[in-house]
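A.B. asks: Could you build all of it, start to finish, from the sequences and the hints given here?
Sequence lines, in order, name chains A and L.
Read in numbering that gives the first Met the number 0, the first sequence has 8 at position 9, and its numbers run on one by one without any break.
Read in numbering that gives the first Met the number 0, the second sequence has 137 at position 138, and its numbers run on one by one without any break.
Think of the hints as simulated: they come from the structure by calculation, not from any bench.
Just so you know, even glycine gets a beta-carbon here, dropped at the ideal spot from N, CA and C.
It is possible that some hints are incorrect.
Now the stretches of chain A that chain L is said to cover, found in silico as 3 or more residues with beta-carbon under 8 Å [to be verified]:
1) 4–18
2) 23–35
3) 62–76
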Amino acid sequence: MHQPSNHLDPRLEALLLQKAFDALRPDERQYVSQHLTEDEYHQYRQLLLHSQQLFETDIPPPPAPFSERLQDALAQRRSPGWLEPVQQLFTYRIPVWQAGLAMMLLAFAFFHFQDQSPASPIASIPTEQVDREEQVPVASEKPATLGKKKPAVVTKSVPPVQERVDSPLIAYVVSSPSDSSGFASRSFSKDRELMDLRVEMR
Amino acid sequence: MFLLKKKYHQLSDEQLMPFIADGQEKAFNVLYGRYAQKMQRYFYRMLYQNSQLAEDFVQELFIKVIDKAHSFDPEKKCATWLYAIAVNLCKNEYRRNERYQNRLQHIAAPVDPVSIDEQLDQQQRNQVLQKAIEGLEEAHRQCYILRYQEEHSIKEIAQILDCPEGTVKSRIYYAVKKLADKLQYLHSKSSL
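C.D. replies: Structure, rendered in structure tokens:
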């Protein structure tokens with residue numbers, strides 16, 4: 000029985016575009032008759048086919064290549080040229096399995112080289128063995144007396160302290176263990192003694 | 000990098016949009032090549048079959064694409080977005096052009112059904128149908144052209160027009176009904 004509808008059912012639309020009423024199967028004809036009369040079906044079908052034919056044949060001329068106005072609008076949006084390859088790189092897609100494989104290889108390389116690395120970075124600092132000889136002056140014998148003596152006061156003239164001057168010669172004397180001159184075996188803890196030594200050498 | 004430069008044409012419309020937002024001319028060329036003809040045809044049908052006006056609107060549409068590309072939502076289809084812009088441009092044009100509105104009212108006035116028989120030549124038949132389509136209400140005409148000329152699905156049309164699918168189905172039905180009432184196709188059963 001025909002029932003007025005307020006919308007075009009997709010199945011009905013498909014039948015209208017594909018089949019004439021006479022070509023409908025019994026079940027299709029029964030379905031169509033629920034929505035349209037036979038005459039309406041003819042009218043609608045003719046209209047849709049005619050519209051399709053109109054839309055296919057009445058085509059405007061192709062549009063012109065895009066205008067200077069469009070080019071100007073694009074130019075205003077443009078960023079520096081060096082950015083383009085970077086953007087393209089981020090849009091480049093690879094298959095998931097390739098990405099997974101790359102991640103696994105990276106993880107393997109990371110853990111492999113981590114195991115081989117030294118435990119402490121300090122051990123890798125190069126070291127050098129330096130021979131050093133030091134003599135301590137022998138203490139003078141104490142007097143064999145029980146009574147206390149007032150220590151003699153010795154007045155010593157102290158030369159003015161001079162500015163320390165580093166020289167290659169002094170450095171050599173201090174560090175060389177093979178020097179037999181006797182100077183190198185002394186311990187120099189004060190700048191004043193160093194100065195005296197230098198004077199003696201000259 | 001050399002290989003990557005050649006791949007704009009392999010990108011989808013949605014993937015092209017960030018490059019267009021950045022003003023890349025090659026990316027824009029690809030999108031223009033894909034849609035300029037379609038949009039020209041759409042504007043031609045919607046705007047008084049004036050091919051020069053349609054061409055101007057195509058340029059206007061792509062200016063808007065460049066300006067709004069940065070706000071494009073990649074979750075949506077680019078084609079739907081383009082047609083939504085086109086629909087709005089047409090609406091603005093109708094508002095501007097009062098003369099056209101008057102013309103529509105004249106066409107839409109009830110007239111006797113036009114008989115279309117096989118003795119009319121193709122051009123005459125097409126003119127009659129074209130006038131009948133122009134006489135439809137704007138909303139019905141939009142739906143009819145988007146469905147049968149641009150061949151969008153009901154869902155896509157609903158997204159373009161930003162309305163429920165039921166509304167689209169209803170508009171299409173009434174457009175077909177009104178056109179069929181206006182055009183009396185005189186037929187022999189053998190021609191169907």
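A.B. asks: Each hint needs a verdict: does it hold in this structure or not?
C.D. replies: Hints, one by one, checked against the model:
Counting residues of the segment 4–18 of chain A whose CB falls under 8 Å from any CB of chain L gives 5; the rule of at least 3 is met. For the segment 23–35 of chain A, the stated coverage by chain L is not satisfied: 0 residues place a CB nearer than 8 Å to a CB of that chain, which falls below the threshold of 3. A count of 12 residues in the segment 62–76 of chain A with a Cβ less than 8 Å from any Cβ of chain L is obtained; the coverage claim is therefore met, three being the minimum.
Checked against the numbered hints above, the structure violates only hint 2.
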